[in-house]
Structures are given as structure tokens and as C-alpha cells.
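Put together the whole structure using the sequences plus the hints.
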Amino acid sequence: MVELVLEWQDVRYIYPDAKGAALAGMSLRIPRGMKTAVLGHNGAGKSTLFLHAVGILRPQGGRVLHGGMALDYGRKGLKELRRAVGLVLQDPEQQLILNTPREDVAFGLRSAGIDEETIRQRTERALERLGLLELADRPIHHLSLGQKKRTALAGVFATQPEVILLDEPASYLDPVSERLLLHSIDEIHRTGVTVVMATHDMDTAYSWADWIVVLDRGTCRMEGPPDQVFANKELMEQLGLEIPVIVDLWESLPAALREGRPVPRSTEQFKVYLANNFV
Amino acid sequence: MVELVLEWQDVRYIYPDAKGAALAGMSLRIPRGMKTAVLGHNGAGKSTLFLHAVGILRPQGGRVLHGGMALDYGRKGLKELRRAVGLVLQDPEQQLILNTPREDVAFGLRSAGIDEETIRQRTERALERLGLLELADRPIHHLSLGQKKRTALAGVFATQPEVILLDEPASYLDPVSERLLLHSIDEIHRTGVTVVMATHDMDTAYSWADWIVVLDRGTCRMEGPPDQVFANKELMEQLGLEIPVIVDLWESLPAALREGRPVPRSTEQFKVYLANNFV
Amino acid sequence: MLRRIDSLSYQGKLSSCSPLWKSGFAAVMFVMAYIGHPPVQLAVWIWLVLWTVGYGGVPWKPYASLMAASLLFYILSLPALLIEVAPGPAQGMVLLGWGTHVLLVTPEAAERAEELLLRVGVCLSCFLFLILTTPFTGLLKVMEKLRLPAVVIELTMIMYRFLFLLGDTAASMMLARRLRGGGRGFRAAVADTAALAGRLFAKTMERYRGAIVGYTVRGYEGTIRMGPDASLPMPVRYRVEGWVGTALLAVAELCIRLLN
Amino acid sequence: MFKRGRGIGLGLLITAFTLYFLAVSPQEVYAMHIMEGFLPIGWALFWWILFLPFFAFGVRSVTRLTKEAPELKLMLGLAGAFTFVLSALKLPSVTGSSSHPTGTGLGAVLLGPLPMSVIGSIVLLFQAVLLAHGGITTLGANAFSMAVAGPFAGYAAYRLLMNTTRKEWLAVFAAAAIADMTTYLVTSVQLSLAFPSVHGGVWASFLKFGGIFAVTQLPLALSEGLLTVMLWKWLKAY
Numbered sequence: 001m002v003e004l005v006l007e008w009q010d011v012r013y014i015y016p017d018a019k020g021a022a023l024a025g026m027s028l029r030i031p032r033g034m035k036t037a038v039l040g041h042n043g044a045g046k047s048t049l050f051l052h053a054v055g056i057l058r059p060q061g062g063r064v065l066h067g068g069m070a071l072d073y074g075r076k077g078l079k080e081l082r083r084a085v086g087l088v089l090q091d092p093e094q095q096l097i098l099n100t101p102r103e104d105v106a107f108g109l110r111s112a113g114i115d116e117e118t119i120r121q122r123t124e125r126a127l128e129r130l131g132l133l134e135l136a137d138r139p140i141h142h143l144s145l146g147q148k149k150r151t152a153l154a155g156v157f158a159t160q161p162e163v164i165l166l167d168e169p170a171s172y173l174d175p176v177s178e179r180l181l182l183h184s185i186d187e188i189h190r191t192g193v194t195v196v197m198a199t200h201d202m203d204t205a206y207s208w209a210d211w212i213v214v215l216d217r218g219t220c221r222m223e224g225p226p227d228q229v230f231a232n233k234e235l236m237e238q239l240g241l242e243i244p245v246i247v248d249l250w251e252s253l254p255a256a257l258r259e260g261r262p263v264p265r266s267t268e269q270f271k272v273y274l275a276n277n278f279v
Numbered sequence: 001m002v003e004l005v006l007e008w009q010d011v012r013y014i015y016p017d018a019k020g021a022a023l024a025g026m027s028l029r030i031p032r033g034m035k036t037a038v039l040g041h042n043g044a045g046k047s048t049l050f051l052h053a054v055g056i057l058r059p060q061g062g063r064v065l066h067g068g069m070a071l072d073y074g075r076k077g078l079k080e081l082r083r084a085v086g087l088v089l090q091d092p093e094q095q096l097i098l099n100t101p102r103e104d105v106a107f108g109l110r111s112a113g114i115d116e117e118t119i120r121q122r123t124e125r126a127l128e129r130l131g132l133l134e135l136a137d138r139p140i141h142h143l144s145l146g147q148k149k150r151t152a153l154a155g156v157f158a159t160q161p162e163v164i165l166l167d168e169p170a171s172y173l174d175p176v177s178e179r180l181l182l183h184s185i186d187e188i189h190r191t192g193v194t195v196v197m198a199t200h201d202m203d204t205a206y207s208w209a210d211w212i213v214v215l216d217r218g219t220c221r222m223e224g225p226p227d228q229v230f231a232n233k234e235l236m237e238q239l240g241l242e243i244p245v246i247v248d249l250w251e252s253l254p255a256a257l258r259e260g261r262p263v264p265r266s267t268e269q270f271k272v273y274l275a276n277n278f279v
Numbered sequence: 001m002l003r004r005i006d007s008l009s010y011q012g013k014l015s016s017c018s019p020l021w022k023s024g025f026a027a028v029m030f031v032m033a034y035i036g037h038p039p040v041q042l043a044v045w046i047w048l049v050l051w052t053v054g055y056g057g058v059p060w061k062p063y064a065s066l067m068a069a070s071l072l073f074y075i076l077s078l079p080a081l082l083i084e085v086a087p088g089p090a091q092g093m094v095l096l097g098w099g100t101h102v103l104l105v106t107p108e109a110a111e112r113a114e115e116l117l118l119r120v121g122v123c124l125s126c127f128l129f130l131i132l133t134t135p136f137t138g139l140l141k142v143m144e145k146l147r148l149p150a151v152v153i154e155l156t157m158i159m160y161r162f163l164f165l166l167g168d169t170a171a172s173m174m175l176a177r178r179l180r181g182g183g184r185g186f187r188a189a190v191a192d193t194a195a196l197a198g199r200l201f202a203k204t205m206e207r208y209r210g211a212i213v214g215y216t217v218r219g220y221e222g223t224i225r226m227g228p229d230a231s232l233p234m235p236v237r238y239r240v241e242g243w244v245g246t247a248l249l250a251v252a253e254l255c256i257r258l259l260n
Numbered sequence: 001m002f003k004r005g006r007g008i009g010l011g012l013l014i015t016a017f018t019l020y021f022l023a024v025s026p027q028e029v030y031a032m033h034i035m036e037g038f039l040p041i042g043w044a045l046f047w048w049i050l051f052l053p054f055f056a057f058g059v060r061s062v063t064r065l066t067k068e069a070p071e072l073k074l075m076l077g078l079a080g081a082f083t084f085v086l087s088a089l090k091l092p093s094v095t096g097s098s099s100h101p102t103g104t105g106l107g108a109v110l111l112g113p114l115p116m117s118v119i120g121s122i123v124l125l126f127q128a129v130l131l132a133h134g135g136i137t138t139l140g141a142n143a144f145s146m147a148v149a150g151p152f153a154g155y156a157a158y159r160l161l162m163n164t165t166r167k168e169w170l171a172v173f174a175a176a177a178i179a180d181m182t183t184y185l186v187t188s189v190q191l192s193l194a195f196p197s198v199h200g201g202v203w204a205s206f207l208k209f210g211g212i213f214a215v216t217q218l219p220l221a222l223s224e225g226l227l228t229v230m231l232w233k234w235l236k237a238y
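Chains as they are written, first to last, in the working numbering: chain P, 1 to 279; chain V, 1 to 279; chain S, 1 to 260; chain C, 1 to 238.
Just so you know, the hints here were simulated from the structure itself, not pulled from any lab data.
Mixed in with the good hints there might be a few duds.
Said to hold, decoys possible - Some, not all, of what chain V presents toward chain S, calculated at C-beta under 10 Å: (1) E93; (2) Q94; (3) E116; (4) I140.
Claimed, not checked - Simulated crosslink set (DSSO-like; lysine-lysine; CA at most 27 Å straight-line): (5) V:K271 with V:K35; (6) V:K79 with V:K148; (7) P:K271 with P:K233; (8) V:K148 with S:K13; (9) C:K167 with C:K233; (10) P:K19 with S:K13; (11) S:K13 with S:K61; (12) S:K145 with S:K13; (13) V:K148 with P:K19; (14) C:K236 with P:K148; (15) S:K61 with P:K19; (16) P:K148 with P:K79; (17) P:K148 with C:K233; (18) V:K271 with P:K233; (19) P:K271 with V:K233; (20) C:K236 with V:K19; (21) C:K67 with S:K145; (22) V:K35 with V:K148; (23) V:K19 with P:K148; (24) P:K148 with V:K148; (25) P:K271 with V:K271; (26) C:K67 with V:K79; (27) V:K76 with C:K67.
To be verified - Per the computed footprint, the stretches of chain V lying under chain P, defined by three or more beta-carbons under 8 Å from a beta-carbon of chain P, are: (28) 167-179; (29) 230-244; (30) 249-257; (31) 267-274.
All values derive from a computational prediction rather than experimental measurement.
Cβ coordinates follow ideal geometry from the N, Cα and C atoms, glycine included.
Below, the structure is given as C-alpha cells:
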């Protein structure tokens, strides 16, 4: 059994003035050290889920656990929680506070009361790892969207959390910037941080994640490794989610040819397979 | 030779305060009645191109033609141009003016000085065709992004332009809303409107468009039908654009199996092909 | 919070009914609230709660909390309304005295506070009836009918369009600041707020530049024309109740005045 | 009559003070908007009548401005939306509680006091209609204090200090703080005129209302001044 970083137990939440429940008995586990993708439509509860993880919203029923312990909503508890669990919002404009990447990355560290020398080092390291060193002193409104997103990520990464939650990180990016951002996220994962990404791009989720969670109208409908989740075609269709193109094409190959083989994870793997089998 | 709706002839444009040229000798033609996809990275010049088509920006060199005639930048000429060429911006918030879809769609008609009865009818028709009738009297700030995008499109469609230009219509949408929007765009195309869509989603462009235009750093690098454009792997790679997954997989099949067959346009076609050939 | 009243005003059962009728009715009730004697005022109060919560279908919980929140101003003013300092002995309830001075509540002041509470309550119920059953676009039509200058109506329309956008932006910015742990101490807090306001201002300017392009593309040439009023007429049943009720209240008021 | 008044008065008093100390976390009170129905009808009308000429002049100046450049309408509309949202930001206050800035001083410096009287009154209308802060009968009085008196005083302070000291930060600070203070003083006058004391009349009443709202308004004026100076610096750097 894997260790869990975060767990939601039957969490219920209704926004004031909203008609339906945003979370309607959400039970969900995030395994430590993995790359988890949270799938679901807009309104399935992805953002609400994340806001519960950092204690901004408090469950109206059920509970949220961090490292096996129920969250402590006291002032100190929340402060510790938010140091351990970093949240990167969808729109970086809203997350960036100061005027240059260097200042902004240092902001979160400074408010944690760390000494200036450590702040400098950690900021430098975070900027470097996210490939922002050359841009470090450029005013933020001169950066491209992809660079802003990486800056927002750097700001969270610099505070050295155990988990980083990313709300639709790739939205609005062109393919090149998206690849760069995904690369940065992988870099961060490699330092031992658990990464959770909400997305509605099935292809990205399929090729990127180790663990997949499917939400629908405030509940978790499925969790598991990618191949297993996407093999459940019925559920995906019922929820109106697309099957990744690769899986879709793979499944349309005759069963005899697929037998005993793992479903390819990327176009590259699929191409190798096709090239080897049909020459 | 097809008739051209819009044409850019060696257009040059540099934004004030910008370093490089946004358009550096852009020559480009949009054939009438087709679905054209404009491809390219952020910064390739897609938005600048569109702003030239509606006369918001004026070329600093070269010229823009509409229906074979150079644009007339007088007050009256611009008014006529903007009635014939509709532009849907990436962010619908920028272009929604009034407070409910019904009022907003009527706005463009009312400022064209049409009588109230015709306004009512055309508004109704546009709302219906874009599936917005139920939302017609809801305030715009209560709509989802996808609904806002369809409202913006309805507002442009209601004025009955010859061409509609769409700037990254699918960005930020979840797959369901994206499908709905693409469906609406096809509906509009069916009424005889020429549709031009800027996008960086190669898969969508490939399966949707009849004609593809590839931009790079302010110039047009290629124009042609989708299969022909994506067959030019070298150029795509050089520009850092992705090959659509279907084309990529297709190309990795042995040449003998592909000979004389058209490249499949959609996953469905590919599946049919696989099912027929490998059983 | 910003969306609360707005959402309620669009969801109610009377939302699509003529804003002109509703504001006319509210205006008459305002007059009643001011000229009426306490029994008539009380009747208006109860009647309008019925109109809003009963006929309008506004949930009672937000209704009550809005009523209570608005009364906070009254509560805050109470000490000033009630407590008097008199230089010598005076009639009233003495709270404190030193030398010849006394701190006291005079009967006049107490009576005035009572009357005021009643009037404020009745007026609030008229006010809440209007804003909770009439969507803002309806109020714009009323402003037009009142012949407010076109430029004011246009500005109001533009503002309404961008209020929620900027409000959402500000809300997420504040969320982010909470997540990232703002600075400590008064000065740092003010500096953070200023940075936030500045960023919001930058966003506003960006919206401005975008909107200029968007509006131009849509054929905006300096004026926004409003469409004709498309709201439904008030159902007959309610119109009858409105007229009859108002007549009864007027008669009752007249009787009270004659009897005194 | 007196007996009854006294009984109810006492009851009122006790509940009031209990509530008072429970409820006075002033951040939820948009402190200086006089609530719906609070002013007697004569005074409500009086302030409407006093406010309208300023409004009319404001409309004239805005009409003239936007005739020359129609896109200014968009700018003014957005400026109004910005002011509205700014007034919803919680501002840390020197006393440790928090309060809401009004932004009228900054607006007057940036746009001029006449356009601000139009923008400011629309903002007040929104605060009444969308937040239930203030009211319709009291809109005239509130608009007079917040959209007319405040901006004019703030603007005057700005011009005066710019001309005499040439210290921009001081002028901006003064504009914001004085606009706030003026609004607060005018509102106190409005309340005391409507509710004069039995002993000591309007003047005593002014001291009482002024005293109560000073608790929130003085620190607010200072914080807003500071905020505006920092915002000003921020905007210049931008």
C-alpha cells in the first residue's frame, strides 16, 4: 500500500447561493511521490477540491486529511498546511504579486520569515530549475503567458512543499510553451515533490500521469493507473470524456495483435509498435 | 481558381514599442466559402493578421484586399468592411457589450440602424442556431466561458457577414464546450459564411479545415489543403509545430499499406481502416 | 457577496415582470413609509416582506441576513441618537453623573430612536423588495424612463459589465495572497494591498485596451442604443392586490389622521 | 406617553448595547453610507437638491469629454468599476481592524472632481443596489458627501500642495486622506442636522456622531492615504 499525502473522506460542500453541491461526498486519495492527473469537466469540482486541500474552504461534511491527519484549521495549522501543500492557480496573473520573477519568487519565502541569504539561494535555485534565470529581472507584464505560468510555479516550488497542486496549468498555452511547462513540472517532480494536475486534456493526462482520478459532479467516479482508467470505455463515454487518441486507435486493432502487450503510452511507442509489426 | 474573400499582399506592421515586426511581408489568401485554419505559435502574427482584415490596424507596407479591392479606410468604407468581415476575439469578455445574450446580439444590428422587428427576428435566429435560446435573458456574467464564446459568435453571426474570423476560439474550453462550439461554427459555415479560425491545435485544424495556412514570425510559410500541408514534415519540424497524431501514426505504417489511399481525416476513419486491414 | 443580490434578483418569480410597475409600487410604499403612522408603517412592512419572500420567491435566509446587515448602521448610530449630555439636572434616565453634568437618555431621544427604527425597517423592506425582485437591467430601463442623461446610463451599463470581471480578478488575487502568506506587520500589509490594487489597475487598463478593439469590431461608434423594454406585464392578480392594498392603506392612514 | 417611551427605551438600550459590542467589527459596515430611510424626508430631499447641480455639471463635463473622444466612455466606465472593486478590498488599519478604502481622492486626482461626481454617484448606486450598502432615499445625501464634497476637497488639497510644496507624494497622500476626512465630516454634519440633541442641539449631536464614526474613519483616512501613495508609486513604476 502506498503512502497517501492527501485524502478526502466523503467531503461535502455547497457554495453559498449555488444551486447544486460543488462536492457531493467526494472521497479521493493522492498517493505520495506520484504524478496524479485529476480529470473532469468544468464544474466537476476540481477547483473546489484543491481549495479544500489548502484549507481555504472547509468541508461542510466529511473531512480532509494531510499525511494521515485531519486538517487543523487553526491559524498555525493552516500556516503549516500551506507550507506543505502548494497551489498554483489557473491564471498566473492572479498569483503573481511583485514586479519581477526574482522578487515574486522571494515573496513567499520572505513571508515565511527565512533569512535573506537562504532566500537568495533558494530563489536562485527555483529560477534556475524552471529556466527563468535570464528573465529574472524583467518586469512581469513583459513576460509571455507561458513564462508567467512558470514564474507562478517557481514561486510555489521555492517554498519547498511536499505536494504541488496545479489547476489546469496548460490552458491557453501554445504547444511549445505547454511542452516547456510540462518539462518544468517533471523537473520538479524529480526533486521528490508529489505533483497533482487538474486538466481536461485526456491525451496529456494519459501520457503524463502515473495515477488518474476521474471526477464527475462533485464525486470521484474512478481512480487508478492510466491504462486501467481509460480501459473503462463505458464510464468515460457516460461522463462524456474523450478516450485518448492513442488508446482509441490501439483498441481498434484486432484483439489478437494486442494480446499480452501493454497499451502504448505515447505516439512514439505506438509508432515503434506499428513499425515492428506491419512490415 | 477559387474566388478570394480576403488577401494580404506583402503586409508589414510593427507595433509601437515592439522590437520585431509583427507582420514581416505577409502574403496570404483566404478562399471564399471554405473553412480555413490559420496555424502558428503565439506571436506568429495571427491576431495582427485578423486586426488588419477589419481595418483596426493599417498596413505600414503592402496592402489588404477584400473581394479583390484594396481596403478603404474612410469612415464609411470601414463601416461596410466591418459589416462584411466579422471578427470574434479570443476573449469574449472584450467584445460582449450588453448584459444579456439577447440584448448583446441585438446590439450590432441596432447600431446598423435596422428596424426593431427585423432585429428581433435575426436575434432570435442567431440565438437559436447557436443553442442559446434558453440562456437568452441570463446576465452574461452568469454564463460559462463556452456560453460566452458562443454569445460573442452569435453577435457577429447575426449581422450576416460574408466572412467570420475566429481568434483561437477553442482556447480555455473543456472538451464538451469545445465540441459544442465547433459544432456551432460548422452550422454557421453551412449557411454559406466563409470561416477562418486561428488555432494552435494541430489535431483540430487537421480534422476540421478545408484549407490550411501556416504562419511563422510574421510571414506565411505555407498554404494548401490539410494533407498536403502536413505532408511537409520538414517544414513543420523546423517551425516546431506538431504533426497531428493521426497523420503521424499513419505515416509510420509501412508505405506499401498506405499506397494510393487518402490519409484518414479523423480517428473514426483511421479506425475503419485499421479494422478493415488487420483482421 | 458581490453576486449575491444580483443572482437573487434574476432568479425570483417576479424577475421578468415589468420593472416600471415594481419601482412605481416601491415608490408609493416609500411615501407610505414616510407619511404613515406606526400601524400603517407596520402593515407596509409586513406586506412587503410578503411580496418579496412570498410572491417574489426570495429565500428568507439571505433576505433576513441582508435586513440584519443593513440595520447595523442603525445600531452603530444608537449611542449618538440616545445618549445626551446635559449640563444640569434634566428629565430622563440618568446613566452617569459628574459634578452638575449628567449622561442620560432623554424620553424624546428614546422616542425618536423608536420611530426611526420603525421607519428604517419599513424603508428597508421597500428597498429590498425593489433590488431583490428587479434585475439590474430592469433598473436601467427605469433610469431611462426617468430621463437620466444618456451618458449616465451608458456609463452605468459599461460599469455593470465590468464590475463582476474585476471583482472576480480581485477575489482571486486576494485568494492567492492568502495562499502565499502575505507580509507581516501593518506596513507590509499596506504595501501588499497597494501592489494588489496596482495589479488590479493594470488589469483594468488591459481590459480597457481589449474592450476598445472589441467594441470597435462590433461597430461601436460612441453610443450604445438600448432596446425596447421586453419585460412581461405584472400579472393581473398582483396588480389588483397592489392597487387594493394601497387604497386600504391610504384609507387607514386617513382614518388615523382624522381620529387624532 | 413618557412612561411607555421609557420602558421601551430601556429595553432598546440594553439590547442595543449588547448588540453594539457584539456587532462593532466595523469592517462589515461601509461605515459612512447612511442607510435607507435613516434621514427624515425633509433632509433627504434637501441633500438630493444640493447634490443635483453638481451632478448636472459633472454630466456636462463628461458629455463634453466623451464627445471629443468616445473611447473615454469606456475608460470612465472601467474607472468606475475599478473604484467599486477597490472599495471592496479590505485595508489593514492602524487600529488592527480593517476597513474599506473609498478611492475618491485618487479618482479626483486622476479624473478631476467633476467627472468623479458622476462616476462616484454611479458607484454609490451600485453599492446600494448590488450590496445593499446605503439606500435610495439617502442616495442624495451619500452622493453629496462621498462623490461631491470628498473629491472636491481632495482635489483642492492636491492642487494646493502641488503648487506650494511640489512634493507629489505629499499631495497624493493629502488628497486621499482629506477626501476621506471630508466625506466623514460631511456625513456627520448630515446626521447631526437631522438628529439634533435635546441638550446642546446640532453641535452636540455633531460631536456624538463624529465621535462614533471617528473610531473607524480616522484610521481609514490614514491607511487610505498610505495606500494611495504606494499605489501611486506602483503605477509610476509600471
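Cross-check of the supplied hints:
1. Interface hint at E93 of chain V: satisfied, since its Cβ lies 6 Å from the closest Cβ of chain S, which is below the 10 Å cut-off.
2. Hint status for Q94 of chain V: holds, given a least beta-carbon distance of 3 Å to chain S, under 10 Å.
3. Interface restraint check for E116 of chain V: the shortest CB-CB distance to chain S comes to about 6 Å, inside 10 Å, so the restraint holds.
4. Taking 10 Å as the C-beta cut-off, the interface hint given for I140 of chain V holds, the closest approach to chain S being about 7 Å.
5. Proximity of K271 of chain V to K35 of chain V is assessed by CA-CA distance (about 25 Å); at most 27 Å being required, the pair is judged to hold.
6. For a cut-off of 27 Å, the pair hint linking K79 of chain V to K148 of chain V stands: about 25 Å separates their Cα positions.
7. Among the hinted pairs, K271 of chain P with K233 of chain P is consistent with the structure: their alpha-carbon atoms are about 23 Å apart, no more than 27 Å.
8. A distance of roughly 25 Å separates the Cα atoms of K148 of chain V and K13 of chain S; the hinted pair therefore holds under the 27 Å criterion.
9. Restraint check for K167 of chain C and K233 of chain C: satisfied, since their Cα atoms lie roughly 13 Å apart, inside the 27 Å limit.
10. Pair hint K19 of chain P plus K13 of chain S holds up; C-alpha atoms about 16 Å apart against a cutoff of 27 Å.
11. Proposed proximity of K13 of chain S and K61 of chain S is supported: the alpha carbons are some 17 Å apart, at most 27 Å.
12. Of the supplied pair hints, the one linking K145 of chain S and K13 of chain S holds, its CA atoms being roughly 23 Å apart against a limit of 27 Å.
13. Proposed proximity of K148 of chain V and K19 of chain P is supported: the alpha carbons are some 20 Å apart, at most 27 Å.
14. For the given pair, K236 of chain C sits about 22 Å from K148 of chain P by alpha-carbon distance, which is consistent with the 27 Å threshold.
15. Distance hint between K61 of chain S and K19 of chain P is fulfilled; the C-alpha atoms sit about 14 Å from each other, no more than 27 Å.
16. Using a Cα cut-off of 27 Å, the hinted pair K148 of chain P and K79 of chain P holds, with the two alpha carbons roughly 25 Å apart.
17. Taking the CA atoms of K148 of chain P and K233 of chain C, the gap is about 23 Å. The hint holds against a cut of 27 Å.
18. Between the alpha carbons of K271 of chain V and K233 of chain P the distance comes to roughly 16 Å, so the proposed pair stays at or under 27 Å and holds.
19. As the CA atoms of K271 of chain P and K233 of chain V are separated by approximately 16 Å, the hinted pair is consistent with the 27 Å bound.
20. Among the hinted pairs, K236 of chain C with K19 of chain V is consistent with the structure: their alpha-carbon atoms are about 23 Å apart, no more than 27 Å.
21. Among the hinted pairs, K67 of chain C with K145 of chain S is consistent with the structure: their alpha-carbon atoms are about 23 Å apart, no more than 27 Å.
22. Under the criterion of a C-alpha separation no larger than 27 Å, the hint pairing K35 of chain V with K148 of chain V is consistent with the structure, at around 22 Å.
23. At most 27 Å may separate the alpha-carbon atoms for a hinted pair to count; K19 of chain V and K148 of chain P meet this at roughly 20 Å.
24. Taken as a hint, the K148 of chain P and K148 of chain V pair is honoured in the structure, with Cα atoms around 25 Å apart against an allowance of 27 Å.
25. Between K271 of chain P and K271 of chain V, the direct Cα distance comes to roughly 16 Å. Compliance with the 27 Å bound is thereby established for this hinted pair.
26. Only pairs whose Cα atoms come within 27 Å are accepted, and K67 of chain C paired with K79 of chain V is accepted, the gap being roughly 19 Å.
27. A hinted pair counts as satisfied when its Cα atoms are at most 27 Å apart, and K76 of chain V with K67 of chain C qualifies at roughly 19 Å.
28. With a cut-off of 8 Å between beta carbons, the stretch 167-179 of chain V has 6 residues touching chain P; three or more are needed, and the interface restraint holds.
29. Counting residues of the stretch 230-244 of chain V whose CB falls under 8 Å from any CB of chain P gives 3; the rule of at least 3 is met.
30. Counting residues of the stretch 249-257 of chain V whose beta carbon lies closer than 8 Å to any beta carbon of chain P gives 5, which meets the minimum of three for the stated coverage.
31. Given as covered by chain P, the stretch 267-274 of chain V passes the check, having 4 residues with a CB less than 8 Å from a CB of that chain where 3 are the minimum.
This entry satisfies every hint, going by the numbered hints stated previously.
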